[in-house]
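Construct all of the structure, not just a fragment, from the sequences and the given hints.
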Amino acid sequence: MKAVCFWRKTEVRVVDVPDPKILNPHDAIVRVTLTAICGSDLHLYDGYVPTMMKGDILGHEFMGEVVEVGSEVRTLKVGDRVIVPFPISCGRCFYCQQQLWSLCDNTNPNAWMVEAMYGFSGAGLFGYSHLYGGYAGGQAEYVRVPFADVSPLKIPDGLTDEQVLFLTDIFPTGYMAAEFCEIKPGDVVAVWGCGPVGQFAIKSARLLGAERVIAIDRFPERLRLAREQSQAETIDYSEVDDVFTALKEMTGGRGPDACIDAVGMEAHGHTIDALYDRVKQTMRLEMDRSHVLRQALHCCRKGGIVSIPGVYAGFIDKIPFGAAFGKGLKLRMGQCHVQRYTRLLLDRIERGEIDPSFVITHRVTLDDAPEMYRVFRDKEDECIKVVMQP
Amino acid sequence: MDAKETLSRITSAQQNVSNPERWVSVVAGAAIAGYGLARRSLSGLALAGLGGALLWRGGTGCCPIYESLGISTHHDDDESNVSVRYGHGIRVEKTVTVGTSAGQLYAYWHNFENLPRFMRHLKSVQVKDSKRSHWVVKGPAGIDAEWDAEIINEVPNELIGWRSVDGSNVDNAGSVSFTPTAHGTEVKVLLRYDPPGGAIGAAFAKLFGEDPDRQVQEDLRRFKMLIETGELATTEGQPSGAAR
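Residue numbers (my numbering), protein chains in the order written: chain A, 1 to 390; chain B, 391 to 634.
These aren't lab readings, by the way, just hints derived from the structure by calculation.
Idealized CB from N, CA, C, for every residue including glycine.
Treat each hint with caution, since some may be false.
[As the list claims (entries may be wrong)] Some chain B residues well away from chain A (every beta-carbon gap over 10 Å; in silico): (1) E503; (2) H511; (3) Q516.
[What the hints assert, rightly or not] The list that follows gives simulated cross-link-like pairs (lysine to aspartate or glutamate, EDC-like), each with its CA atoms no further than 16 Å apart: (4) B/K513 to B/D534; (5) A/K248 to A/D187; (6) A/K9 to A/D46; (7) B/K484 to A/E115; (8) A/K77 to A/D149; (9) A/K21 to B/E626.
In structure tokens:
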């Protein structure tokens, strides 16, 4: 079959590989009908997540049709049309039972690697480095899905692939980020980063009752999308002297009630600290650039919440922890517990409250992946979200 | 002796080392500590620490490792109970929490024939009777290490202790305890073995790999996976763009 493989830093290739097989009794094989490139795939592409190996099949946002099931699979049948959440979860362990699906104890065969870095390991993830299990991803014609009864969600007829594909990651990720903000009537939420996750965080904050959402980015097309789709107010950080002052003025001198960092470890910025991160990350002295996180901690109102769906992998410098402490902030973060939200958000899609396909700007085939990774990374051609048909 | 008692005995100072062994401990401990301190390096410091521990053991006649394995050499007539002599062995202690009852875990573990399902380097265990079993470990170049083991301590649903029988060429001992908590059952494994020489020694060393601590940790992780999910997470056999 055809698959998008990591080759080396900033190079992916479309390679002909063997079809996946059932390896465990709870596995299923899914024929992929639609898949996407995620912003977090760019961290792999740019070489910021260790343990990617030449030939690893990428992709953790995918859906399709079940074509084969293992001997112990009970609820999924051949022919079912499903979306597959990106964390691989056993459904049995303490964490799965607590709905902390992305922290599953039993699905990362390389847990020892993560334990060496973080103390303890979360779930295995599709197509997201050997740290997270080394599972082959879904930017391919077929994909093996472990614990097929636990996570995949059957999709009713009448909804298109494009409407439901983002239930696999970015919609729940943005929604969880907004839910973390514990939004109350009248709240103002600031969102850094208007990429796909940022767009869903903004939209979800509105769905959850935020009175105002302020979106921060530097790309006009992304700010425009936030204004048009979610009635967000916007700040182009390359145009203002100081984001803090702008936010303070827009919030009656208080600061936003909650701040969402939907950027993560490859933040851009025009300030001294952003330059410092850029130099240190280039020299591999610092793993992540954390300019946005610093700004969010600094801008948030007293007693507010900083919610972090943006991915961080390693150590970060110069975090104003004094500001977080001094203002009594609450920090919420982590990989999304996708399975907690899929049913809930499918209902919202079916009721017509949201059509997640609004973020799609590019519709291509797997063969276009090498070029589209670059276009998406460089935000050329007003690229916001790429979906690929095998 | 139940599991709680075992734990309390680990932390209490009770003499369980015979007098000749205590003298050996004192002499060896002083020598190692002196050598370690003289080296003035990090590894020297570690040696000094080891020497200190031996001195303490000799001085008090109390060995926490013997305690945890239910072994005592204090009385001369108990000498036959020594499976792994102190100072010759490698000791590993690891704990994992498994989300099922102590009774189920005890029953699964008590059938030693289940162990090769999650202990990667164990080839087979054949149960001979209620106490005795025959263990085979995969070795390099097709040479296996084999020995007979006997259960020396069992408290239903709480504790199993075993050791290799006299005359086996691979001295080892182990115990596993099961303690129910609100988050599941804590499974604590203690293993000690005395690596023998020669080809059989090489085969046996593979049981624990180059890093015995991690090997046991991984075996326990697989044990938890197997019990909780019924399978072992794997990617072996999946496609890759490089494997052509």
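Broken hints, numbered, in rising order? none
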